[in-house]
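Combine both chains into one complex, guided by the hints.
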Amino acid sequence: MEYLKILFNILVFPGCLFVGAMGLLLSGIDRKVLARMQKRVGPPIIQPLYDFLKLLGKETIVPKAANRKVFLGAPVVGFAALVVTAALIPVLGYRAFEGSADLIVLLYLLTIPAVALIIGGSSSGNPYAGIGISREMVTMMSYELPLICIFLAVAKKVGGSTLCFSLSQIAAYQQANGSLIGCVSLLPAAAAMLLVIPAEVGTQPFDVAEAETEILEGPLIEYSGAPLAVFKLNTSMKMYIMTALFSALFLGGLATGVTALDVLIQVLLCIALTLICMTTIHAVTARLKIEHLFKFYWTVVAGLAALSLVLVWLGF
Amino acid sequence: MSYIHFPVIAVMTLFMGAFLTVVFGRKSKAVRNILALAASCTAFVLICCLIKPVLIDGEIISYWMGNWSPVEGYAIGIGYEIDQLGMFFALITVFTVLMSCIYSIRYMERDSALDFYNVLFLMLSGSVLGLVLTGDVFNMFIMIEIMTFTSVGLAAFRNNKAGSVEAGFKYLVIGSIGSSMTLFGVAILYGNCHTLNMAQLSSILAGKLTPSTLMAFALMFTGLAVKSYIVPFHTPAADAYTTAPASISMVFSGMVNKAGVYGMIRLVYIIFRAMDKSSVQLLMVIFGVVTMFVGVTMALAQHDFKRLLAFHSISQIGYVITAAGLGSALGLTAGLFHAMNHTLFKGLLFLCAGAVYYAAGTTNLDKLGGLSKKMPKTCICFLIGAFSISGLPPFNGFASKWLVYQAVYEKAVTSGNIFYAFATVAAVVVSVMTLASFIKVTQAVFFGQLPASLENVQEVPALMRLPMWIMSALCVLTGVFYDQVNKWLLAPAAGAALNVSGYIDRMMGEGYAAEAGVVNIPVFAARFSFWNPVVWLLLFIIVLAAFCLAIIGSSGDRASISSAPADAEDGKYATFFSGEKSMPSHVSGSDLFWGFKKNWKGYFKVMDGIHSGRVNDYALYVVCAAALITVFVFGFVR
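Chains A and B supply the protein sequences, listed in that same order. Adding 904 to a residue's 1-based position in the first sequence gives its number in my numbering. Adding 216 to a residue's 1-based position in the second sequence gives its number in my numbering.
Don't read these hints as lab results, they were simulated from the structure. Incorrect hints may have been included.
One-sided excerpt, in silico: chain A residues whose CB lies under 8 Å from chain B [claimed, not checked]:
no.	residue
1	L915
2	V974
3	F983
4	A991
5	I1008
6	T1015
7	I1016
8	M1041
9	E1195
Derived DSSO-like pairs (lysine-lysine); straight-line CA-CA distance at most 27 Å [stated by the list, open to error]:
no.	chain 1	residue 1	chain 2	residue 2
10	B	K589	A	K973
11	B	K813	A	K1199
12	B	K814	A	K1199
13	A	K973	A	K958
14	B	K590	A	K973
15	B	K583	A	K973
16	B	K817	A	K1199
17	A	K968	B	K593
18	A	K968	B	K590
19	B	K268	B	K703
20	A	K1193	B	K821
21	A	K1193	B	K817
Yeah, the Cβ is synthetic: ideal placement off N, Cα and C, and Gly gets one too.
Just chain B, same shape as in the assembly (with noise of 0.2 Å):
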């Protein structure tokens, strides 16, 4: 068999997946857990059969459903296309699923109705696989509406708890708002073109902005915003990653966040091919400052482990946004490779988060603290994934982000524009809030002070853990190694973004695209300046084994060194609390920055009007930047 089929089956076997769970596994536990895992690895492997083919050899896929291939010339049935950049979600995809999978087999034991769960899990799993693998818009908008309506099952499934109706209500109205804008987008653009592949309306509309077609690319660029949550659509993010059971709060920011991205990437760089107008680089930059900013000075104000990580979610996607809109290869670059990123490290910390909740029944960062003692190996993986998200070198947050500080301050000096220097330093002071926003929560959650009530915590089994180490130790690897990420993934999938005539000719037939007037853009080599991961490690790991051969050799004769009282009940061992036994810290978890919120009560107390938890408000947000983005593409994308 053709691995030209592979696509398709691993569409259809998460959606196959799905139904059979309906009506096999609704008594039996293990036939549940055996389906699920079943699909989400196979399609784990089909996608990764097409590694070769696609990112290694350079071909497109194209695949007609039916084998309704164009007839003279007008694309009329429903194609996949599965260029590089497609590829690079899918990958993204099929393993954001295969871990939340593995680990949802323990994490969810103690939840009730399981089988909508597996069910609701393998829709949305196959729906946005099928959406960055699809060449046609309306089918993405279908995928789309798949996606958004399991989305509010999940995020509301663990109904019991207070709030998860509430957020599934709220993911319900701002998404289909979304969907809608993009719906009737895409009705427009049908209107306008006759097509809806998406390999010939990039040729049809190169060079052809008339009013209606701007009006589409309006309102698709706003429900794709609204589905990737960027300011100021983020509102039912908070909440419904919040409610959501923590494996699927990871698919949430690891997938269907990403997903967004993907649409918008696709859109601008491919449909409209506006990636060179100043006017668009400027829209998406804009959007994506806001973003980093708004989401992660409300993280720095969260009390609850998941909401926090949830505006953590929100911020980086801004980072992505900001970095894929400069339209520069290298931008483009690094705005993949964070996106990438993002899934690593946010979904190892969402892990940790349901790790945390599942051995300590709470998320509450007021209440936790302490835990590195009872769960050590958590710890390890969290402050991993915390550090890659805080950008330390050398994990792979940092090479990403260095990336896009990059590529921003290079568009800054060539274009002149000290608008985007000052995206630079937004772009950094973020990542500093960043890492004060997670050493709070290292600080709350795991070391700190122990409260009585978390005495017979105990470490979450191995199977939970399996996929916190294999994340944690990609995000080290693709730190160390950015070289060869950018070599084997990421070049290719940003060239394929950039070269739209190979997409089209394979679509629609060789020479197509030459005769609708479409030229390649040159794609640079991404330049890596100077970072040399590998060598510092090496230099950090000879220092380090300086030190302790040092302190071995001097230990001989003083065996003071390191002595440890540990636990003696000795009131003079004990940690020192000002002579009274046990003295609460005044400061607590999530209070951590009361030297920097003070300063910006101001700016908090609007963000907290902002944020009001009425979903009318939040509707009216969304319409009004719908608004605000018509008027600004109807008067300078030209």
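Next up, chain A with everything else stripped away, as it sits in the complex (with noise of 0.2 Å):
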């Protein structure tokens, strides 16, 4: 029963079927809006689902120049470890693995899926794939340094004078003290992490490694079929983890302590976060380069998180 339990959380819920069937429903909802407010009818939302099926089904060409293991096995890991945290991340009330990892180490497993897109990328042995890659470790650069801010920030705030990396102490200390999101210090970091959210997912104007008209896609121009497939699937399941993170971070005190009603709510939240931060701003901006990206990171986002940082720390 105790093993039947762990394969139904890892395989169903919040595993691979909720994350992936989330993925997508966010990635349909994403377009179907973002169509709506450039005037066009858009695609009906279950989109993404065709598009991937369809891809699945199509012919998967391996460059000749590739080192063939890596090529095939990059997405596979991505995919693997994108469902393995997002498992990881409590469902409002729900939380699946209690104490196997804490705030950093989610920090760090977020970080697999790109560097398997990378090394996936970087395998293809194409000069565009290559640029995509610099750009893509540039993006990495740029949005890690406010998400540790927002991190330690937020920790500080649920730990006081103790160490507190814990998510599931976040989620108690919001159930306690309402959303954490109230709180004046935690705005500023609210804020950077909403804006962390579409650079860490890839959307514009922060989608520069895999700029269409530029580089063609960058670290995936060489990828077809199956791989591309699930690599397109990796990017919609990112858009889950990062809105279900922060409403694990600023919103946990919505819970209502009822299974099926949190995953309602959390489905709402993120479908309302993603229409926010990736949808409006995708709608509204041109993309950015790759140094107008890191500059805009490392001061207005970072100084953001930074001034949240300072500001729990003096008692706010």
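Given below as structure tokens:
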């Protein structure tokens, strides 16, 4: 029974199926709403699922210059890492694998899919992929600085003068004291987190790594068929993971204790957050250059996060 | 024969191996190799025999050379004293020596004057082992001297290549300044306390920080910092690691570097017992953070595989110094863990760099590329090493870095000092930059395009791959089972550094420490909050298995999935080079991060100016830093 529960947790909820479905749903909604914002009709909401299934059936071509095993293995490793990461993030009140990872671990687990994308693109031997991975890496350097400041600010707020990186403790604290977004000192951090999400997921204007119009999707340039489908799915799943992480960090007070209701609230929250920080920003901006992206994150976003850290430290 | 003789025999074996090589190894290659292997294996086995009594039973071994035990409370003879801390570093040392020795058999076969190589290598090994096992500060100084001069010889070993003699010279100058400072500090201590025994010094110096002992502290601190190459003393390391043969670069970063770190830990935790002072903690953490940051940013700008690794070595030592400088049990555990992991993954990476050099004849990142198809096994080892040093879970670098962050942030919240919070941020950012830099190496050496000149590259011989596989396996195992590593290795070692009275009593007689008023600091079990790599790995494997099952299940009717056009000489399937046959990437391997570098132009300009390559400048930094440390110590250490 115990093992069955673990299997259920990892394969159905909150693992594989749930994350995959949520990712596809979120990207479907994102595409639809974006289209409406641009006065287009847009695809049906389940279009990403159609795309995914269609890509699965296409021929997979491995370029001659590529290292075959790494090229085909990278998307799978990224997928598995994302699923496990998603299973570790609490769905409001529901925590499947309590006590097996904390905030800092999550920060690093989130880098594995990015590294998988980089290694996969790199192994294809294509020069456009080379430029793409360079940009992907610089993007990663850009958002890690604000992200760690946000995490430390939250940890200090929850832990006081003890060390606290535990997601469960953060959830418990919010259930007792209300959502963290209600704290004045953490407002800049929440704003910074909203700006980190699109960079982490790689949506416009922070999609420099994949910039279709300049470098032809960078790391993905040589991918086709099933591996490409998996990479696309990975990006969608990241949308869910990042929005879920935001709600776990800042909106944990909304948990009701009833699992079904919690899941519903979580889904709605994720949709709302996607619309706020990905769709809207996408609709009103054009793609940045990589050096501007780096500058933006290390000054504005990191500044917000560091401000939060200092405010928390001063006891606000 | 009782095991109390083992430590001294281990050190003697290595030195004897060096002298026997001079006598018998001049002509025959086989004799040389057998002597070197026999000496390093013997040392390895002898030290491993001490695991049971020292690490598991918690015994501290003392050994008086020539049975010159203390007379009337004064330790006159040279004493070896092996506590768990020394034992921990001794294990690191003998392991590194053995791996390097196996690797060098094939790696060095194309060089000449190999008898000198073996002599220098064995003397270096013996000196580092002696340094970590000795209980006498003057003996420690002698070992540091032997270590420095053999290192100079080895750094300049390939003297037919540009820069090696220069590297040796820089090493000589900076290293000598460091050694003389250590010697001066030892002399002051001797004048004050009339003893050179660490245990006795520790009990005499308790609470006695007179101006002269403070001077000794500042000098010895600087001297040992020079040996562990923290910024601004790092300048000779970058050159020496680059020009030395890879088997020696691995030894430099694996144990010579660690010997300096060991010396610093011994100095601040045991001889002066100064780690409860917040000023000393601040001093070490500032040095640590500056070191890790300068190291990694310099690494981002490098064009040479080994030079890049050298700067990462410097940067990773910054983590060790930061964590050890916190003065808490968690911090010291994290520092020791990272020191050990650094030996494993950096040794592995240097061996991979050596393999690339052996196979392709260059370590220039701009001239390499696409080697993963030619050297797949080396590529896998390199990726494991690169993931470990960049701290990707579940490799060992992650486990130790995660402990470092926890320790630093714990210090921040318990002391209320926001400086430590920003130190945590710096540590994380440095870790990401490390990842970036290794992505660059991966792209420039193993992936990317294969230059025409490297078409005939072959995988390196199995004897060279053996140490690489062993170290890769250890990188994974120590990362996944870090709880066990902590229990058997780190906790005893950290405990030994924090509980000095046992160390003193063992050397000077029961009750000596209590008489001198030495109190133990209680050690809390280092807290590992939430990271269960075993669970994570299991889940990961379940997902992977489910994924593979799904693929197998669905591919029955559709054979087209993962069809391989492979080597068909059909333009349709060739890599897409926008219509041209082979368009070179306009971003060369070493310039992969221009987006980052552009924003940091000013910083890199300053750094370029600082790393001028002139030994006069470098010596000046050492002297200035020594002056600053002295001023700091006199001003703030109370």
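Inset, instruction - Of all the hints given earlier, name the ones this structure violates by number, lowest first. - result: none
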